[in-house]
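Enquirer: Spelled out, the chains give:
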Amino acid sequence: MEVTFRIRRFNPEIPGKNKPYWQEFTLKDVEETDRVLELLHRIKWEQDGTLTLRRACAHGICGSDAMRINGVNRLACKVLVKEFPEGKKIQVEPILGLPVLKDLVVDMEPFFAHYRQVMPYLINDSPLPANGRERLQSPEDREKFDDTTKCILCACCTTSCPSFWANGEYVGPAAIVQAHRFIFDTRDEALKERLDVLSEPNGVWRCRTIYNCTPACPRDIQVTRAIGEVKLAIQRGKREGIVVDPPKHSGQGMG
Amino acid sequence: MTALVTTITETLRYRGAIGQWSWVLHRVTGLGVVLFLTLHVIDTSWAVFYPDLYVKAIAVYQTPLFTIGEFVLVACVIYHAFNGIRIIVFDYRPGWWKYQARAALLVLGLSIMVSIPVFVAMFGHVLAFYNDPMRQMLGLVEVIESQLPFAAGIGAAVIAAIIASAAFGAVTGEKTAAGIKRGSRIEKFWWSFMRVSGILIVPLVFGHLAMMHVIQGVFAITEVGHTVVGTTTPNVSGTAVEFVANRWNFLFAGVAVWRLYDFALLAMVVAHGFNGLRYVLTDYTMSSPLLRRAAVYLCVIGASVLLVLGGLALVNTIDSTAIQIASEAAEQLFAQ
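Protein chains in written order, with the working numbering: chain A, 1 to 255; chain B, 1001 to 1336.
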């Protein structure tokens, strides 16, 4: 099978050619079970060594190869050629809303700055239980934030969000998902601080429930739902009684 | 501005699902309704303050351009109402998100289903008017000219908001986006307000549309002897001013029900509409403190003007002199 790739290129190092442009590459002998990432590798290795992209594990765990593939944010390592019924043409461009450094590589720093803003770590300064062992939690309480522990920080959700495209100061879906993981953790004691951060004008209220983020997530996290639950937690000033009927395991396993 | 352009082009390019299009439609229909709301509240206040201008405003509503606008407006309100209910349901039940796409389709379907009979009824009024050999109508040029003061007023409000914002920036020396403080409770309040007011507005605005556009019809506002909708009194002079006077003076169990109704509608719709406008405008101006502040000021100016004008009109009385002025104005309007 022959497949044509249409790739958004950008190289600030070439004088006079520092504007983004589209370039096409045609690959022969493509199997329909090939992943987009492998084919991008083939282009880089066989045709144009300057094609720049980011990837590490190549198995849907590290979250480094998020890109917009045929109009939707995906991980290149999780997309098979056969997914595109329209077939032989695959369009690849960098995710939107973060500064493009080169070709498909974006500067993730603003994204991680928002991540740090929500204090994505367990805060609990009270003394350990008398027996010196771990702080116990019921399976039901653990279940409430299970879905949001799955995030791999690939930025697929945040860069699918029109509110984030318009306003890079908006913390974005991924940071809210990370906040959700601690807001609904009964062992955490920084509920108020986190809710305060997220009730700023660039916090959760910029979410217009557009639902682009939910299908964009390669880990099937129910992103818009998590954001909605954080909004309700802010409205009610507490975590109890908001996550009713927590999401079940999707059974999707590791990428 | 780049933020707005990026959002428009990329929303067209990104293959989002139906939720994305619902959001686009919600914004577009909301903006359309706010624009008409601005014209309409100012127009209606003239029934009290400038009866001759109100006569002309209603004559303008009875021209083809505004008839088309009327159909668009009604469709916008219906969609915005149903989609707003959908948004509210999923805001308070985030766990139901799996049904949001189906709900979005349902909203579209319901909007069309409700629009059809409403349009048929409204079109009946249009046909009756155009079949009337005695009908009188303003020309297109005159209609457009009559809207120039509004365009100028909106332009002036925009300029005033930008100047005020620049002045505020110069005085305080604020370079970063102002007013963004930790734990700000104000956005939390507005989020709830939009949802509560949204629910309250639906019956009020549907009732208003049903009375004015379906039962009475815009053309019958100036029909001599036509019983004014929601009252038992006929419009003797056949002027738009008497139409308003009959409604506002109508007492039910000793209460001026339509004044109260219109006041509730005015307060709710203005607050909801201009906060919605603030959401839209600030979404695209967060990178510029000057424009972001100006957007907020513009919404405050707009809402204040409408609340003051509309509120004052609602507590005033329309006497027989006003109706007399209106009758003369109506005669002169088509005499030229």
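It should be emphasised that the hints constitute simulated quantities derived from the structure, not laboratory data.
It is possible that some hints are incorrect.
Claimed, not checked - Here are the simulated DSBU-like cross-link-like pairs (lysine-lysine), alpha carbons at most 30 angstroms apart as the crow flies:
#1 A:K17 <-> A:K102
#2 A:K102 <-> A:K78
#3 A:K102 <-> A:K82
#4 A:K238 <-> B:K1188
#5 B:K1188 <-> A:K102
#6 A:K82 <-> A:K17
#7 A:K17 <-> A:K89
#8 A:K78 <-> B:K1098
#9 B:K1188 <-> A:K150
#10 A:K102 <-> A:K89
#11 A:K78 <-> A:K28
#12 A:K150 <-> B:K1098
#13 A:K238 <-> B:K1098
#14 A:K78 <-> A:K44
#15 B:K1098 <-> A:K82
#16 A:K238 <-> A:K150
These numbers come from a predicted model, not from an experiment.
Enquirer: Check each numbered hint from earlier against the structure, then list the numbers of those it violates in ascending order.
Expert: 5 and 6
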